[in-house]
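Student: Letter by letter, the chains look like this.
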Amino acid sequence: MKFPLVTSFFIASAILAGSAYVADKVALRIAYRHHEARAFNSLAKQDAQELRATLRTLFALSQSHLVTKYEPSTAQYYTALEANLPWLQKLRGQAPERLRPLIDLQLAIDYAEMAQFEQKIGHMSEAGRARQSAEERLGALGWRDVSEGALNDLADQEIQPPQVSEHKK
Amino acid sequence: MTRAMKIVFFLSAIAGIAVGGRLGYSEGAELSESMRTLEPIAAEHAVSDFAAREFRYADSEHARKASRLEISVLAQIMAATNDTGAKGQLGLAYIRLALVEKDAGNQEAERLALKQARALSPRPAGQELSDEQLEDLLKRLDRAGIGATRSPKTTNSADSPPHPSLE
Chain P
144 MKFPLVTSFF
154 IASAILAGSA
164 YVADKVALRI
174 AYRHHEARAF
184 NSLAKQDAQE
194 LRATLRTLFA
204 LSQSHLVTKY
214 EPSTAQYYTA
224 LEANLPWLQK
234 LRGQAPERLR
244 PLIDLQLAID
254 YAEMAQFEQK
264 IGHMSEAGRA
274 RQSAEERLGA
284 LGWRDVSEGA
294 LNDLADQEIQ
304 PPQVSEHKK
Chain W
-10 MTRAMKIVFF
0 LSAIAGIAVG
10 GRLGYSEGAE
20 LSESMRTLEP
30 IAAEHAVSDF
40 AAREFRYADS
50 EHARKASRLE
60 ISVLAQIMAA
70 TNDTGAKGQL
80 GLAYIRLALV
90 EKDAGNQEAE
100 RLALKQARAL
110 SPRPAGQELS
120 DEQLEDLLKR
130 LDRAGIGATR
140 SPKTTNSADS
150 PPHPSLE
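These protein sequences, in sequence, are chains P and W. If you're matching positions, the first sequence starts at 144 in the numbering used here and goes up one per residue. If you're matching positions, the second sequence starts at -10 in the numbering used here and goes up one per residue.
Careful: at least some of the hints might be erroneous.
Claimed, not checked - Capping the alpha-carbon separation at 27 Å, the derived lysine-lysine pairs in DSSO-like fashion look like this:
| id | chain 1 | residue 1 | chain 2 | residue 2 |
| --- | --- | --- | --- | --- |
| 1 | W | K54 | W | K104 |
| 2 | P | K168 | W | K(-5) |
| 3 | W | K76 | W | K(-5) |
| 4 | P | K188 | W | K104 |
| 5 | W | K54 | W | K(-5) |
| 6 | W | K54 | P | K233 |
| 7 | W | K54 | W | K76 |
No lab work stands behind these hints, which were simulated from the structure alone.
Isolated chain W, as found in the complex:
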């Protein structure tokens, strides 16, 4: 191998590293940006789905834990991203917590949760939703698979044991 060939090979390697490194770096930055958009959406859905399922099928204590976890995660996401979607989801999470507390007979906790929900939920100007309307909103969204992100069963959902509040 001549000296000239060695130089050419060395320069080829340097050029390859420079081009690949530049492309890889910009790809990595773009991927990271995309993930920063996708991850909160996926996280909101996962945690809301879990809370909805626990609310529907589990006992009050576990449903309450799941609702509080949902609220905690959504509040963290909202604080970090200023995501308005997370704000709406957080409002729904407080309504779910209110329903859990209602089932458990904790009227004060229910009232506080609804107050939080009302502060977070978007509403038409000058129109205040009643407690019943808020609770009905969540039930409708859960039934439509929006409050809970996974679609509820479409074939034989009537057979599954629903949460008392959904009756």
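Okay, chain P solo, but in the shape it has when bound:
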């Protein structure tokens, strides 16, 4: 009789913990969406929707910038960049039309950085392709100088922080 009691206690505890975990995740998601949907209710419905979409997109864009900017090592930085490019492409597909140039600029910056990395490790054709992607995007954004030197300068601005953190280490 003792064994089933102990076993039942553990099973009941597992059920309690498991259901609490699942309920927590589900309720968190529901509560977040519910509160988000009510945000900016002082605005007209369409304006509130537009603002929510704008804020969501720009916040995601800022996050993507932080993800690549503060990677501690060159290898991790490269991996983060590689993962960030398709993610930005996806964000661009979902973003409001007027915000796409901002994402294009971030894509161009990431491609410029990627080109510099590829060049440093001797992958010249990959470097060329990445540089061309950056040039096309910057050209569409009206940049006057999209030369290799200008792209390297642009990449240097972004690559600096990890170098500083490595130096500190």
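With chain P's structure known, arrange chain W on it following the hints.
Tutor: Relative to the frame of chain P, chain W by itself:
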């Protein structure tokens, strides 16, 4: 499995759902509140950074588009949140637009943008900033990485092609 055990398991599941649901709901509400604070700040920075970069590196037409986008987003945020930070940023955005218009030779548009900037920019009591002072303010902030949120390059910024207005 006895009937008593089934009841205990069922009650455990109900208790778990109740506790987890309550905790999750309050976490979700807090997270949403936090995001409502963070998102406008991130958005202001992202859009101002874009406008600053376009102003610095792009042609007048694209710089103007970026400045107008910055103004539109900041005005939306300001209207929805009454954020005084957004108001200051909006003032700077109008100064940037004025500089773009100045470069393009549109004096009337420049004057109108500066008028808007003056109405939005905080100033010491009784002191009216001149057009040149307003423009100089933005240039200084951009150089310090405040008007544009990302720090400008510190190593070889002299090599990069600056916007004519920044010369």
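Student: Taking the hints in turn, state whether each one holds.
Tutor: Verification of the hints:
1. At roughly 19 Å between alpha-carbon atoms, K54 (chain W) and K104 (chain W) fall within 27 Å of each other, so this suggested pair holds.
2. At roughly 25 Å between alpha-carbon atoms, K168 (chain P) and K(-5) (chain W) fall within 27 Å of each other, so this suggested pair holds.
3. Proposed proximity of K76 (chain W) and K(-5) (chain W) is contradicted: the alpha carbons are some 61 Å apart, above 27 Å.
4. Our distance criterion of 27 Å between C-alpha atoms is broken by K188 (chain P) and K104 (chain W), whose separation comes to about 31 Å.
5. For the hint linking K54 (chain W) to K(-5) (chain W), the alpha-carbon distance of about 67 Å lies beyond 27 Å, and the restraint is violated.
6. Distance hint between K54 (chain W) and K233 (chain P) is fulfilled; the C-alpha atoms sit about 24 Å from each other, no more than 27 Å.
7. A hinted pair counts as satisfied when its Cα atoms are at most 27 Å apart, and K54 (chain W) with K76 (chain W) qualifies at roughly 20 Å.
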